[in-house]
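Undergrad: Below are the chains, spelled out letter by letter.
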Amino acid sequence: MKAFLRMVLVLLALAEATAAGAADFATLVAALPAGGYADRAKVVRELGLSGDGRALKVLTALAGDDLKVMADGAVVIVYEKTGAAVGAVDGTDKGTPAADSLQRIKLNNAVRRALRTATGMLTLRDPDPAKRLSAARDALRAADPEQIEALDAALAAETDPAVKTVLAEAKAAAVLKSGEASEADQLAAVTLLAQRGDEAAQAALAPVVNAKDPAVAAAVKKALADIAEARKLWGLAQNVWYGLSLGSVLLLAAVGLAITFGVMGVINMAHGELVMLGAYTTFVVQQVIRADAPGLFGWSLAIAAPLAFLVAGGVGVAIERGIVRHLYGRPLETLLATWGVSLMLQQAVRSIFGPDNRDVGNPSWMSGAFHLGQMQVTWNRLWILVFAFAVFTVLLIVLKRTAIGLQMRAVTQNRAMAANMGIRTGRVDALTFGLGSGIAGLAGVALSQIDNVSPNLGQGYIVDSFMVVVFGGAGNIWGTLAGAFTLGIANKFLEPFAGAVLGKILILVGIILFIQKRPRGLFAVKGRAVEA
Amino acid sequence: MGRPEKRLIDRRLGIFLAGLFLLTVAVPVGNLWMAGQPVPTYLVALIGKYLCYALLAVALDLVWGYCGILSLGHGAFFALGGYAMGMYLMREIGARGVYANPVLPDFMVFIGWKELPWYWYGFDLFPFALLMVLLVPGVLAFVFGWFAFRSRVTGVYLSIITQAMTYALLLAFFRNDMGFGGNNGLTDFKDILGFDLARPATKVGLMMLSAVALAGGLILARWVTTSRLGKVLVCVRDAESRTRFLGYRVEHYKLFIFTLSAMMAGVAGALYVPQVGIINPSEFSPANSIEIVIWVALGGRGTLVGAALGAILVAAAKTILTGALPEAWLYALGALFILVTIALPTGVLGALEGGIARLKRPAPAQEVEA
Amino acid sequence: MKVTRRTLLGGIAATAAAPMVAPRRLWAAEDTIKVGILHSLSGTMAISETTLKDVMLMLIAEQNAKGGVLGKKLEPVVVDPASNWPLFAEKARELISQDKCVAVFGCWTSVSRKSVLPVFKELNNILFYPVQYEGQESERNVFYTGAAPNQQAIPAVDYLMSADGGSVKRWVLEGTDYVYPRTTNKILEAYLKSKGVAAEDIMINYTPFGFSDWQTEVSKIKAFGAAGKKTAVVSTINGDANVPFYKELGNQGIKAEDIPVCAFSVGEEELAGLDTKPLVGHLAAWNYFESIDTPENKAFIAAWQKFTNNPKRVTNDPMEAHYIGFNMWVKAVEKAGTTDADKVIDTLPGIEAPNLTGGMSKMLPNHHITKPVYIGEIQEDGQFDVVWKTPDLVPGEPWSPYLPESKDLVSDWVGLKCGNYDKVKKVCLGGA
Amino acid sequence: MTHPHAIGGLPPETQPQLYLDGVSRAFDGFKAINNLSLVIERGELRAVIGPNGAGKTTMMDIITGKTRPDEGQVLWEQTVDLTKLDEADTARLGIGRKFQKPTVFESHTVEDNLALALKADRSPWAMLFRRAGAAEAARIDELLGTIRLGDARKRLAGDLSHGQKQWLEIGMLLAQDPQLLLVDEPAAGMTDAETMMTADLLKSIAGERSVLVVEHDMDFVRALDCKVTVLHQGSVLAEGRLDAVSEMPEVIEVYLGR
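Note that the protein sequences, when read in sequence, are chains A, B, C and D.
The working numbering puts the first residue of the first sequence at 150, with every later residue one more than the last.
The working numbering puts the first residue of the second sequence at 109, with every later residue one more than the last.
The working numbering puts the first residue of the third sequence at 18, with every later residue one more than the last.
The working numbering puts the first residue of the fourth sequence at 3, with every later residue one more than the last.
No lab work stands behind these hints: they were computed from the structure.
Here the structure is a predicted model, which is why all the values come from computation and not from measurement.
Do not rely on the hints blindly, as some may be mistaken.
[Stated by the list, open to error] Not the full set, but computed from the structure, chain B residues with beta-carbon under 8 Å of chain D:
(1) 119
(2) 332
(3) 336
(4) 364
For each residue, glycine too, the CB sits at the ideal point set by N, CA and C.
Using the sequences and the hints, build the whole thing.
TA: This is how it looks when you write it as structure tokens:
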């Protein structure tokens with residue numbers, strides 16, 4: 150593959166060297182370090198338009214901070230690993246210069262933007278269709294009239310239909326920007342972009358809404374309106390997705406509480422801190438992996454999850470055996486004691502890990518986003534949703550299908566009877582509390598991917614968690630599921646209209662009013678047995 | 109549980125009131141008139157603050173201890189009373205603000221408002237502000253309670269919606285658009301009724317006023333709880349259904365005590381603000397309201413005096429520990445909460461009285477705890 | 018039995034607490050000068066403020082190694098106001114009247130400063146405030162060593178509008194809903210409009226404290242940026258909410274090349290909790306960056322990492338502010354020959370102390386200092402690369418000329434003896 | 003709201019005190035009460051029996067306004083629609099209810115329990131200012147005599163034995179001066195002697211007031227010696243004297259026959 154690439158590059162270089170002139174390329178490279186950022190951006194752009202095959206290598210080195218200036222003013226590419234330098238223009242060996250003798254060629258956003266466009270121009274004819282597609286997208290974003298010629302050439306050579314479409318759209322954007330093509334060409338360009346109908350198309354069309362040609366201007370206006378209209382529906386879907394995603398976070402945070410508070414009736418104010426412990430476990434796991442087995446980083450969350458469950462669950466069992474056990478029948482006093490536990494856990498984490506945020510990385514499969522139609526779905530949110538459902542399902546199975554689950558339900562429904570039947574209620578209590586706490590730890594693993602990992606992590610979720618459990622109806626984990634998603638989606642539908650702050654206030658007022666209507670939550674246990 | 113005493117001022121309350129009286133005499137003497145100032149001004153403001161917390165705790169004990177309503181939102185009533193007083197104090201600054209605007213408080217000039225919003229009208233008058241100190245928390249409690257109690261929201265559900273209430277208010281008061289100074293709240297007060305807030309005499313006066321308010325609050329609470337109404341409240345706490353079947357409108361009783369308690373909390377807030385010099389939305393934070401519950405539980409629920417004692421103990425512990433163990437005070441406070449719940453189920457007051465009783469009358473051997 | 022149990026529990030509590038307890042007073046001797054350190058060590062602000070407590074302890078230790086001040090050792094008095102604003106006032110009073118501190122270094126949030134202000138005025142003491150803030154305040158007892166809006170926000174916007182910064186035409190002002198972002202955005206809005214930016218090209222948005230679900234907000238920014246004009250975000254988002262904000266930016270694929278985010282509250286310390294690879298190129302405006310290559314800065318970083326015994330510990334802008342402020346105070350005390358508050362307050366204006374970026378900062382009569390302004394781009398290693406700086410030090414100006422309320426106000430505690438003097442009416446406003 | 007007048011003399015036979023017609027109530031699809039009709043005459047003593055889940059407690063909930071029926075009519079004194087009222091309303095009308103599990107105010111004294119139950123203005127404001135009077139004390143003495151708790155006057159209700167609590171609760175009902183007493187399994191957990199005494203007490207109460215007793219204990223029902231209604235699956239299966247009813251084959255099948 151590499152050999153082939155080099156061959157193509159050499160061929161390209163040979164073909165164009167005669168036309169563009171080798172001297173030109175050398176001058177441009179030599180000009181890179183000079184002047185300010187704006188000058189540098191200009192040189193980069195010209196390098197891109199030069200079509201010189203060697204330019205790609207230089208530009209890639211520049212983007213990677215590997216292009217340096219030697220003490221004698223020569224521009225060299227320095228290989229990161231060996232420190233060996235070669236001439237940027239001709240590839241001559243320059244030895245291994247001392248790192249501090251080299252001067253950096255600094256970048257800023259303007260230069261980086263120019264680099265992206267220029268690299269795109271140079272990879273329009275790359276053999277890898279994926280690279281060509283990304284190059285075409287860059288060209289669409291740039292909408293640069295000076296690229297029309299290159300785009301035409303690429304279009305003629307292109308065989309991949311997907312790439313071809315984007316190339317055509319990129320050309321259309323450039324054509325519109327230049328405003329010099331015939332009316333028919335411009336109108337065709339508008340139609341093409343209107344068909345694309347996404348944010349990129351909007352960005353390409355919006356600047357030419359006041360085009361000189363009135364027919365074009367009208368067409369652009371209409372196209373923009375159409376796109377906006379079509380995107381409205383997608384916007385709705387996007388909101389639902391945001392709501393589901395927020396709901397999944399709420400569910401994860403609350404479902405452990407649905408066990409300790411909803412089922413066992415313990416007002417566990419340390420729940421948030423158990424979530425925090427899960428997040429810190431993830432941090433520790435990643436630290437160890439970073440230090441000892443960097444190859445496993447992709448698995449760090451999978452390794453952290455069971456550990457987080459054990460750590461938080463273990464602390465939970467300790468809290469139950471040490472404190473809560475003495476307080477059954479005095480549920481409100483568990484509030485006082487667990488509040489004390491929460492203060493101590495927070496301070497303990499602060500003493501051990503420091504008060505500031507810890508860096509928990511996202512494995513590559515948790516990063517980035519993909520498009521579903523006009524809707525953008527980020528991977529981390531998707532996986533968190535999947536994880537939330539998985540945790541919920543496993544919990545259901547444990548509660549409904551296993552012996553320990555049966556014992557848990559028996560003890561919470563009738564402690565005395567369960568004890569008479571030979572169930573060791575103390576052990577079951579500890580396990581139930583441990584289960585709820587362990588799930589809080591799992592939530593911490595997920596939350597470490599989207600939120601701060603700091604001693605305050607838990608405080609941010611405790612109030613919301615109680616709201617979800619109570620809104621759904623304490624004692625019913627299905628209620629917690631429904632509650633989490635209802636609140637999540639409602640919140641995300643209110644946010645665009647009311648703003649984030651007012652939206653949240655409205656949700657809280659909504660909960661207060663809802664409880665008036667259903668004083669025992671969404672999924673209340675009905676019947677006359679309740680108040681007996 | 110001992111038999112409830114019927115006298116308005118029982119021994120427990122009597123001792124506490126006597127202590128309070130000694131304090132109100134000793135502090136001004138020690139601060140203003142004695143050579144060497146054995147009571148520094150710093151301590152005066154601190155005591156005043158504790159007394160306000162104590163009144164707030166008594167207010168919560170009234171609803172939680174006697175009627176079983178665990179409010180996790182009592183900080184909201186306290187803060188509203190505080191804001192009402194703060195609004196008066198802001199108007200009292202007048203043209204002495206940094207922009208010298210005679211009407212608008214600094215923060216309004218600062219965010220570019222041109223005229224006073226209607227809900228700030230009248231707060232330049234002290235009596236109006238006092239009325240609002242009672243009315244605003246009272247009306248909020250009445251409306252909130254009317255809905256909640258009528259719908260028979262009880263137990264944790266009620267607790268959580270009171271928490272939702274204070275959380276919603278927290279977010280609302282954070283908003284600068286609300287016209288209450290946003291996150292910064294109301295601050296930089298100059299004087300109250302013409303008395304310079306920075307003068308020690310004013311501080312002593314406010315502290316004495318707080319003591320009087322606490323004494324008044326305790327006596328009022330004691331009077332209410334020893335009345336027939338107080339007995340019905342305990343009925344509601346212990347057997348709500350039975351109380352209904354006897355023909356009592358439970359929701360009216362709850363509403364009465366909830367509103368009364370909110371107004372007491374409002375008074376506590378109003379006295380608190382001039383003494384600490386600031387009122388801002390963090391007073392609405394759910395954690396603050398939970399802390400009030402902790403004071404009451406720690407002191408002894410359903411004893412009134414215990415609640416006041418609990419508030420003073422925790423606040424004093426915080427003052428001492430944040431200074432003496434700045435890096436570790438949370439461990440100490442957390443451990444204190446855990447130990448008290450497990451070792452002293454009747455609260456500090458219960459343990460204290462139990463201890464005294466044991467001292468007076470040596471317990472038979474079998475009663476000694478194993 | 019009862020007694021044993023109680024002693025046992027007490028013993029456990031004592032042993033648990035003992036190793037963690039830092040001695041509050043390092044020297045018990047009477048003949049010391051006490052300096053108060055009023056930074057939250059617990060609660061929501063501990064995340065930012067704990068570092069400042071540590072840097073103060075280091076500076077004081079260094080000064081003592083040099084022989085202290087006026088022949089006496091300095092004694093730091095540390096308290097924890099626990100991110101609780103009324104507690105700030107209480108602790109300030111304790112530091113001044115109980116512990117007899119002659120100056121206090123502390124506070125981070127504006128509300129904590131507002132809370133302690135009356136205390137410092139009443140007890141006539143000195144507060145050094147090290148954090149960038151919204152301005153609109155100049156008090157006799159406070160020395161502001163952080164940036165005023167004209168030392169951070171305005172230069173940052175200037176840079177973004179320049180060709181180097183990308184000639185930004187469309188602006189999102191995204192902030193946490195409290196006074197600093199509100200005021201900064203108000204100043205910026207007025208400033209942008211004065212530069213000919215149309216109202217529809219400015220979007221202002223606020224979110225609550227500790228906001229963590231940024232999906233909708235980020236997609237709103239993306240949509241706003243799809244209007245074909247170069248768009249930038251000016252972020253006054255507060256500490257805690259930044260990590261989820263940047264994570265969401267990275268995941269939704271908003272690159273700095275397309276929509277750069279320029280933040281005023283994100284420094285090295287905040288980046289330490291983030292994977293910065295997707296964030297390369299996003300900006301921050303400060304008066305100091307750890308990456309700035311000067312001998313002073315190198316020495317400072319080395320001393321800091323040695324003091325904290327952590328070779329990875331980063332430095333940031335408010336730390337530099339304390340460094341400057343502390344050195345100014347030391348010089349002023351030595352010049353005045355006393356720690357008496359009135360004398361030190363009168364001596365401080367005009368005092369110069371080196372900053373860590375190679376210049377000399379000067380305390381101005383308005384109690385703000387001169388500082389250089391740097392714009393840095395986030396790098397992969399979590400540091401900032403300076404892409405722009407002001408040619409000279411910028412004098413801090415508390416009263417913004419872009420706000421109608423404050424355009425006529427000046428502060429001068431030397432000549433006019435007034436923090437809010439109306440140039441037009443020629444009076445000192447307010448009665449304080 | 004009007005308060006019922008004190009009762010004097012036996013009411014005419016034709017005037018039912020309580021009238022239920024076609025009442026139904028379902029919980030989650032399960033019909034706890036199904037087309038139930040029942041008439042209680044003034045001064046009547048009536049026993050309601052039936053197996054567990056027959057709907058006895060739900061019937062009482064409906065009469066006292068705790069539960070709303072899905073359909074059907076519930077009339078008090080032929081005019082007042084009980085389905086529109088709640089517990090406090092029905093209590094003030096003159097319907098007293100005793101729970102299956104004795105429910106007294108455990109942190110109050112026996113005396114206070116009775117005092118709080120006495121018929122009087124129940125508004126918070128009135129209660130705030132009311133103080134004990136001689137008439138009240140006399141009435142309490144009388145009640146204490148009736149329920150044989152004279153010695154326990156100053157004791158906390160929580161310290162009473164199970165049977166004493168049952169009696170105290172009945173005393174509280176009497177203090178309310180109701181026209182109809184709903185009594186849910188009063189004999190549960192009582193000794194034989196206590197059971198018989200309770201039966202005598204209820205019999206003595208009836209006549210002056212109407213009494214509806216739900217009970218499982220057949221000896222107790224027999225001792226009551228009154229008309230019996232058999233409930234089954236939420237509706238009336240049979241009605242009549244206990245001897246007659248217990249010979250009906252359908253009753254034997256569903257209830258007695260087991």
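Undergrad: For the hint on residue 119(B), just tell me whether its beta-carbon gets within less than 8 Å of chain D.
TA: Interface hint status for residue 119(B): violated (19 Å vs cutoff 8 Å).
Undergrad: Any CB of chain D closer than 8 Å to the CB of residue 332(B)?
TA: Since chain D brings a Cβ to about 7 Å from residue 332(B), closer than 8 Å, the hint holds.
Undergrad: Would the stated hint for residue 364(B) survive a check requiring a Cβ distance to chain D of less than 8 Å?
TA: 4 Å, holds
Undergrad: Any CB of chain D closer than 8 Å to the CB of residue 336(B)?
TA: 4 Å, holds
Checked against the numbered hints above, the structure violates only hint 1.
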